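With the hints as constraints, model all of the structure from the sequences given.
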Amino acid sequence: MPLRSIGGRSEPDPVERPPSLEQLLTKVARGDQKAFAALYHRVAGSVFGLVKRVVRDPAQSEEVTQEVFVELWRTAARFDPDRGSALSWVMTTAHRRAVDRVRSAQRAVEREDMAGRRGQERPYDEVAEQVESRLEREQVRHALDSLTDLQREAVTLAYYGGYTYREVAELLDVPLGTIKTRLRDGLIRMRDHLGVQT
Amino acid sequence: MTPDPHMLTGAYAADALPDTERAAFERHLANCPDCEQEVRELQATTAQLGLAAAEPVPDRVWQQISERIERTRQLPPLPADGGSRRLLRRWSGRLLAAAAALLLVAVVALGKVTIDLRNQVDQAEQAADQAAAVLAAPDATVSGAEPGSAVPARVVVSRSHDAAVFAASGLPPPPSARTYQLWFLDAGHARSAGLLPERDSGAAKLVTGLGEADTIAMTVEPEGGSPQPTTDPTLVFDLTA
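Which chain is which? The protein sequence lines are A and B, in order.
Residues 1 to 198 (our numbering) make up the first sequence, in order.
Residues 1001 to 1241 (our numbering) make up the second sequence, in order.
The hints are simulated quantities; they were obtained by calculation from the structure and are not laboratory data.
These numbers were taken from a predicted model, which means no experiment stands behind them.
All residues carry an ideal CB built from backbone N, CA and C; glycine is no exception.
It is possible that some hints are incorrect.
Unchecked claim - One-sided and incomplete, this derived list gives chain B residues near chain A with beta-carbon spacing under 10 Å:
1. Ala1054
2. Val1057
3. Pro1058
4. Ile1065
5. Ile1069
Structure (structure tokens):
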């Protein structure tokens, strides 16, 4: 009789489940480069896709994606599971980096002629259309569809467009307070629609 | 600050706040569990929006990242993160009381060495009143010096009073003809926050004119202080942490 049966290990070994992102991050925090590579391959497409949606330029999007992962590597030990999931943390980091990029110098120039553009060009149509055509997740599409037009425009301009709420207000010609409210109630409605758990 | 910061959770989760408002809202978040919870949920929601945008990444991106992490040092865990930060918040009343006591000792000591006693005591009393107001302010937050500091030190910051109380103990006397100077840093720009009084080893100081500062730092400067820092800071307090 093999010894292992005495140790209570007679049951077949459970199929090895892939580690959770949280488990990977714990290892990354200790300098485990293999865990970091695994983490990368799990979320790189999502990070790159989101960054590119905001930044648009593919070369710059690659740069920002690099910055995001170097930051994840650097700050892995500061991930706090009490404040949300690892995936949420990764995507928040990615989005913030992307937004920082588009709000730097290049955007400052665009801002100056924003008043001039207002009313003629309506960039949110373009943004919303891209979202429509490229959405991979039906659920998210349905959640977006469940919003009022103004909520959807506010959410997509802010999140995919990388605009500040002041810019969104100006683009949509709606008071600042209204945009703040629409962003909040729009995301709350999406949260409920998606059944988001934290 | 907007009249109702609770309404900003959506704009924050979508990263639609300009930098200054983002920093202000993060200060509110630190003290508002309801908003913290809502932000957590809305960030999980925007994460879903992000996932929907996924697309294939060129292989060269990983190549470059793997080279960069080889030469990138990782940050240590925060000494007061997560649960312990919450604990710190609960304890902040006691910390504030301790800081107040330290400040009073400093004020009394300052009073002893003055020649123009009356005038100085008035000033000291005024500073003590102002410091007490900062320490007791509902929005007061305590920040410890960054890990690795030479001496234990804290600042208590009240944005509503536009002021902070700095306190350090066991501070070595500055080299001769040198003085300790405090700075407000705002996105890398330094403004003098005044000189530390010459004292034995403990030091406390009320600093006003905080503005939008995200960091308070202390450097060693030539006697009389400098218009801009000339040495690397010996103490750094990250007010956004």
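Evaluated hints:
no., hint, in the structure
1, Ala1054, "holds, 4 Å"
2, Val1057, "holds, 4 Å"
3, Pro1058, "holds, 7 Å"
4, Ile1065, "holds, 5 Å"
5, Ile1069, "holds, 5 Å"
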